[in-house]
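Q: Produce the complete structure using the sequences and hints provided.
As they're listed, the protein sequences go chains A and B. Mapping of the first sequence onto our numbering: position 249 corresponds to residue 249, and the numbering continues sequentially without gaps. Mapping of the second sequence onto our numbering: position 50 corresponds to residue 479, and the numbering continues sequentially without gaps.
One or more of the hints may lead you astray.
Cross-link-like lysine to aspartate or glutamate pairs, in silico, EDC-like; alpha carbons within 20 Å at most [to be verified]:
#1 B/509 to A/114
#2 A/14 to B/742
#3 A/196 to A/114
#4 A/138 to A/178
#5 A/196 to A/140
#6 A/16 to B/480
Derived from the structure by calculation, the hints contain no laboratory data. These figures come from a predicted structure and were not determined experimentally.
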Amino acid sequence: MTDVAISVRGLSKKYKIGVKRDPYGRLTEVLWSSLTSPFRRRREQRDAEDFWALQDVSFDVPSGSVVGVIGRNGAGKSTLLKILSRITEPTRGRAELHGRVGSLLEVGTGFHQELTGRENVLLSGAILGMKRAEIARKFDEIVAFADVGQFIDTPVKRYSSGMRVRLGFAVAAFLEPEILFIDEVLAVGDLAFQGKCLGKMNEVAGQGRTVVFVSHNMGAIGTLCPMTIWLDAGRVVTFGKTDQVVPEYVRAVGRDVSSGEVELDHDERREAEVSRVRLLSPRGDVSAVGECSDSLTIEMLLDVRRRLPGLYAYLEVRLANGMTVMMSDSFDTDPNPLDNLAVGTHVVTATIPPRTLGPGRYDVYLNLSSISGHEFNVYSPGVVASFRLHDSNSPRGNGRPGFFSTMLRWQAAEVRPDGQDNDRGVRRD
Amino acid sequence: MARDDAPSERRVHTTGASSADTASAGKPDIEPVTVDFGSRRPLPDPVVVIEARHGWRELGLAELWSHRELMYFFVWRDLKVRYRQTVFGALWAVMQPVLLMVVFTVSVGRLPGVGPANVPYPLFAFAGLVPWTLFASSLAGASNSLVSSESIITKVYFPRLLLPFAAVGSFLIDFAIAMVVLVVLMLYFGVAPTIAVLWLLPLTLFALVTALGVGTWLAAVNVRYRDVKYVVPFLTQTLMFLSPVIYASTLIPEGWQWLYALNPMTGVLEGFRWALLGGPRPDELILVSAMASVLVFISALIYFRRTEQTFADVI
Numbered sequence: 001m002t003d004v005a006i007s008v009r010g011l012s013k014k015y016k017i018g019v020k021r022d023p024y025g026r027l028t029e030v031l032w033s034s035l036t037s038p039f040r041r042r043r044e045q046r047d048a049e050d051f052w053a054l055q056d057v058s059f060d061v062p063s064g065s066v067v068g069v070i071g072r073n074g075a076g077k078s079t080l081l082k083i084l085s086r087i088t089e090p091t092r093g094r095a096e097l098h099g100r101v102g103s104l105l106e107v108g109t110g111f112h113q114e115l116t117g118r119e120n121v122l123l124s125g126a127i128l129g130m131k132r133a134e135i136a137r138k139f140d141e142i143v144a145f146a147d148v149g150q151f152i153d154t155p156v157k158r159y160s161s162g163m164r165v166r167l168g169f170a171v172a173a174f175l176e177p178e179i180l181f182i183d184e185v186l187a188v189g190d191l192a193f194q195g196k197c198l199g200k201m202n203e204v205a206g207q208g209r210t211v212v213f214v215s216h217n218m219g220a221i222g223t224l225c226p227m228t229i230w231l232d233a234g235r236v237v238t239f240g241k242t243d244q245v246v247p248e249y250v251r252a253v254g255r256d257v258s259s260g261e262v263e264l265d266h267d268e269r270r271e272a273e274v275s276r277v278r279l280l281s282p283r284g285d286v287s288a289v290g291e292c293s294d295s296l297t298i299e300m301l302l303d304v305r306r307r308l309p310g311l312y313a314y315l316e317v318r319l320a321n322g323m324t325v326m327m328s329d330s331f332d333t334d335p336n337p338l339d340n341l342a343v344g345t346h347v348v349t350a351t352i353p354p355r356t357l358g359p360g361r362y363d364v365y366l367n368l369s370s371i372s373g374h375e376f377n378v379y380s381p382g383v384v385a386s387f388r389l390h391d392s393n394s395p396r397g398n399g400r401p402g403f404f405s406t407m408l409r410w411q412a413a414e415v416r417p418d419g420q421d422n423d424r425g426v427r428r429d
Numbered sequence: 430m431a432r433d434d435a436p437s438e439r440r441v442h443t444t445g446a447s448s449a450d451t452a453s454a455g456k457p458d459i460e461p462v463t464v465d466f467g468s469r470r471p472l473p474d475p476v477v478v479i480e481a482r483h484g485w486r487e488l489g490l491a492e493l494w495s496h497r498e499l500m501y502f503f504v505w506r507d508l509k510v511r512y513r514q515t516v517f518g519a520l521w522a523v524m525q526p527v528l529l530m531v532v533f534t535v536s537v538g539r540l541p542g543v544g545p546a547n548v549p550y551p552l553f554a555f556a557g558l559v560p561w562t563l564f565a566s567s568l569a570g571a572s573n574s575l576v577s578s579e580s581i582i583t584k585v586y587f588p589r590l591l592l593p594f595a596a597v598g599s600f601l602i603d604f605a606i607a608m609v610v611l612v613v614l615m616l617y618f619g620v621a622p623t624i625a626v627l628w629l630l631p632l633t634l635f636a637l638v639t640a641l642g643v644g645t646w647l648a649a650v651n652v653r654y655r656d657v658k659y660v661v662p663f664l665t666q667t668l669m670f671l672s673p674v675i676y677a678s679t680l681i682p683e684g685w686q687w688l689y690a691l692n693p694m695t696g697v698l699e700g701f702r703w704a705l706l707g708g709p710r711p712d713e714l715i716l717v718s719a720m721a722s723v724l725v726f727i728s729a730l731i732y733f734r735r736t737e738q739t740f741a742d743v744i
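A: Rendered as C-alpha cells:
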C-alpha cells in the first residue's frame, strides 16, 4: 500500500463574472476561456456577480496512481488543475500535495519565438521546474525524442506547428516530478506523435508517479487511468473505477447523434463554432445510415466570429469504443480551405469516398484548432455525429470483417505453357 | 513549510451527484472507491499546502532564493532576446547613455553652474547617466515583465517575483558594460578615483533596490491596470528632471534639499558621483534617499505578494 499523494478537501473557486465588461482586455478572455459552457445555463442570471467554477471538491489520490478527470467544457477540470498546480488560489478549501509537483497545462510552456530550439529546451525545462544540471544531462535525449533534427539551432518562430509541439512535449516528457498534472495536451500533434506521448506517459505512470490527467479523449482516459473523477458544474459527480465512470459519463452527456442531423450548442464567446452537423448521402439525403458503396459527406455549418489565421478542422472517425479508425484534417486539402475564413457562416464539407470504411457503427469526432491563434484549441465539441454503414451492394455484404470495405482489384491471367514462366506461373526472381 | 499531521483516517471521497445540473444523468450507480488509509505511514515530504490565503503574507524570499536558477534563466532569456536581430547588439547598452551624454554636453552642459567647476561636464553627466539608465531601463522592463509573461503565468507555477527581479537583473549586465566605458572616460579626462570608489558596490545595490522597488510596484499594478504602460515613459522622463542626472543637486535651494532627497534616485546619483569623482560626501542626501528607497522596496514586495494570487485570473 502506498500513501496519499494528493489530498483535496472542500476546494472551491469563485470567479467574479461581473468584471467581464471591464476595459482591461485580456482579463475577460482568460476568464471566459476557462469557464465555458455550463454558464450558458446561467445566462438568464448574467448579472449575478459570482460564478463558482469549483464547488466543494474533495478527493484523495493515492501515491503512484493515475487518475483521469473528465467532464464537459466548463465543468471545472482546468480550474481544478490550475489550483492544484498553484497557478491560482482557491477561494475556499484546502489541498495537500505530497511530493515534487510538475504541471503540464500547455505544450511548449515558456517557449520564446525568437530563441532557438536548443535555447527553448533550456528555458522551458527551467520554467517547468528542472534544474540546470538535470536539463544538461537529459538534453540529448530530449532533442532525440523531439525529432527536430538539424533545426535545433533554428529560431522556434520558423518551426512548423508540428515541430513546435514535438519539441514542447519532449521537454515535458522528461520532467521527473513525483506528482504530475496534465491538461489535454495530447489533443495536439499528429497521431503517431500522440501515440509516442501516450507511451511516454505510460512509462511515467509506471515509474510510480502520481498523475492527474484531464482529457476529453475517453480512449486515452481508458488506456491510462484506472480511476477517474467526473466533474460537472464544478462538483464531483463521482470518483471511481474508470471502466464504470466513463460509460456512465458517455451515456449522460452524449448528444443524440442518431438522426444524421445534429444541432450543437451555441456560445457567442467562441471565436468559431459549428452550429450544425449533417450526414449526407451522394443524393443529398440526410441520414445517419449509409452504404459502404456510397460516399458519405460530413457537412458542418461553421460560424466564424473572428478571422483565424491557421484555422483548421480535425476530424476522426471512431469506433464506439473510442478507437480511431481514420483521421483527416483540413490540411489534407491544399490549400487548407478553413484558413483565415471571413467572419460569417460557412458550409464546410468533408467527404469520405465510397468503399472506405467497413460496415459498422462509427462516431465522428470534431475539433477546431488554430496553429497561430492566441489559444491553440478553438473549439472542441467532441463527438458530433454518429452513423452506420451497410454493405448491401457487394456479395460479401455486412458479413465483411475488418475496418475497410475497399474492394481490391483482382486479376487472373493465364500463363502460356511455352512462356519464360515455368511450371504454374509463379514468377521466381 | 507548513505541514499537518497525518490524519488517523483518510478515505477517498466520493461526492454524490448533488448538482442539479447532472439530474439528467441520474445518480450514477457506481461503486465508490473506498480506500482505508488508516494504517498508513506518515506522509512524505515535501508537502505543498494549497489554501485560500487572506491579508498579509510572508514575503517568500526563501522561495525566491530556492528558484534562483530560474531567475538566471529569465535574465539569460531577456538578454538573448533583447539584442537578437539588432546590428549593434550589446553595444546598445552603451550607446544610449553615451548619446545622451553628448546631447546634454552640447546643450545643458554650456550653462553656468549646472555641474561642479572641477569636473569636466561630459564625465559628470555620464557618471549620472549610467546609474540613471539602469534605473530607467529597469522600470520599463520590470513594469512590463508580468504582462509579457502572461502565457507562462497562466500555465505554470513559480514565484512571480522572479519576473520583475529578472528584468532588472538583465539590465545590470548593461550597467556593467556601461561602467567599463565610464572608466575609459575617466582615464581620458585624467580623473583618478579615490578609495571612495569602493562605495560603488553598496551604491549599486542601492540603485538596484530602488529600481526593484519601483519596478515591482509597477509590474503588479500593470497586471490589473494597463494604464501603467502609458505612465512609465512619462514617469521616467519627469523623474529624470527631478533627479540630479544632468545637473548637480546643489542647484536645489538648501531649504528644499530634504524634499528633494525623498526621491531615492537623488541619493543614488549623488552617491555615484561622489564615489567616482570625489567632493564632499553627501551623507544626509544618501541617508534620506536610502530610507525612501527601502520603504518603496518593502511596500512593493508587500503589495506584490498580496495581489499575486489574482495574477493568473486577471492578467
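Q: If you test the structure against every hint from before, which numbers come out violated?
A: 3
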